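K.L.:
When you line the sequence shown up against the numbering used here, it's residues 1 to 411, in that order.
A hint or two may mislead.
As the list claims (entries may be wrong) - With beta-carbon atoms standing in for the labels, derived distance ranges:
1. 247 - 298: 42 to 50 Å
2. 247 - 216: 39 to 47 Å
3. 387 - 310: 26 to 34 Å
4. 391 - 159: 43 to 51 Å
These aren't lab readings, by the way, just hints derived from the structure by calculation.
All values derive from a computational prediction rather than experimental measurement.
No residue lacks a Cβ here, since even glycine has one placed at the ideal position from N, Cα and C.
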Amino acid sequence: MNRLLGVPAFARLWAAAFFGETAEWMLQVALPLHVFQRTGSAATTALSIVLGLLPAVLLSPVAGVVADRWNRRAVLFGVCCGLAVVALPLLAEPGVTVVYAVMAAQAALASVFEPARNALVPELVGVADVTAANGLMSVNGSIARLAGGWAGGALLGFGGLADVITGYLAVLAVAAALLAKPFRRVTAPAPVPAREPVVRAWLAGLGELTRDRRLWRTGFALVLTSLAQGMFLVLFVVYVLDVLGGSEADAGLLRGVQALGGLAAGFALATVARRVAPAALLGWGALGLGLLSAVIWNLAPVTTALGVYVGLFAVAGAPGVVVGAGVLSEIQRAVAPERAGRVLSTTFAMVATFTTAGALLAGALVAVTGPAALLDVQAGVYVFAGAVVLVRRRGTREPVGRYRAASSAKS
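Just need the whole structure built from these sequences, with the hints factored in.
P.N.:
And the structure:
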C-alpha cells in the first residue's frame, strides 16, 4: 500500500479521486432527497435517478472512444471543469425540472470520467498491482462517501440546495487542481487507435468484452447487481423517511456511513487480499451483501433505532467495495490497454442500464407492494448473483494482463 502511494502520479490521481468522489456523493444524496421533498413521490424520485443514469447508456460509444483516443489525464481535468459549470443553475434553488436537467448533464460528463480514470490506473502502477490500486481507490472512495454523503444530507437539511452546491463546487475545484499537471507512468502508454468511426471503434471494444468467457461471467453478475442497486436507490429513500421515520440528515448519514466498512475492505484489498482472484472477490462480495441486506430490511418490526442501522450500514459497505474491486480488476487484467476505455465505458453503460431498470421497477411497484417486499427481492438478487459467480468460476483460469512495461512516460 505504501509502495503504491509512493508513486507520485498514482498518489495524485488517488487524491483527485477522493475530492471528485466527495463532490459526487454530495449530489447523489442531496438531489434525490430534494426531489422527494418537493414532490413526495417515490415514482418522481425514481425518474430523477433514471435521468442521472440514462446518459451513461446513450453516450457509452462516445465516452469509451474519448477515453482511448485522448489524453486521459486531460479528459479527467476537463470533466471536472464541466461538472462545475453545469451545476451552477442549482445555486438558485430551481424547480424540479431544472434539477432533472442538471442531473442528466452531470451523468453525461461522468460517463466519460469513469472509463478514463480506471483505464489510466494500470498505466500508473502496472497491471500486476491493479487489485491493490483498486483497493486504495476504494479506501478514499469510502472516506469520500462518508464525508460527501453526510455533507450532502446535512447541508440540504440545514441550509438548502444552494449550500450543497456551494460546497460541491469548492470540493470539485480541488480535484481539478490535482489533475492539472501531466502524470508520469510506469507502463507504456496505450497505442493511439486508428481514427475509425466512433461506432465501429466502440464495437471493436465491445468485441473484446464478449470474446472472453470470464468477462461474460462478470457481465452477467453485473446485470444482477445493477438491478439490485437500482432498486435500492429508490427504496432506500422511502425506507429511511417513511419506514424508519428518519430525516434527510439521517438518510445522508446512513448512505455515508457505509464508507466505514468500505474503508476496511479497501485496506484489505490493498494489502492481505491483493492477490485474491477477482472472480472470488465478486462472488463472495455479492453473496455477503445480499445476506446482510436481507437482515437490514427485515429489522424494522424489531427496532427503528438509528444507531442500530448506522452499525449495519457501516458493515454493508465492505462487501459493496469488494464487488466493485472484483469487477474492475477482472476487466483491467483481461483487456488490451488500447481498448480499455471502450470496454470500461461499455461496462459502466451496462451498469447504468440495469440500474435504471431496477429504479424504474421499484418506483412503479413500491406503491402497490410497499417497500418491504421489494427490498427482500433486492437482497435476493444479490445472493443469486454471488452464487452464480462462485459456481461458474470453478475450472476457469485467471486472465493475463497485456500491459507493456516502460520506464517513464507522461500523460
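K.L.:
Each hint: holds or not?
P.N.:
Hint check:
The hinted range of 42 to 50 Å is not satisfied by residue 247 and residue 298, whose Cβ atoms lie roughly 23 Å apart. Between residue 247 and residue 216 the Cβ separation comes to about 44 Å, which falls inside the hinted range of 39 to 47 Å. Separated by about 29 Å at the C-beta atoms, residue 387 and residue 310 satisfy the suggested range of 26 to 34 Å. A hinted range of 43 to 51 Å holds for the C-beta pair residue 391 and residue 159, which are about 50 Å apart.
Hint compliance for this structure: hint 1 is the single one not met.
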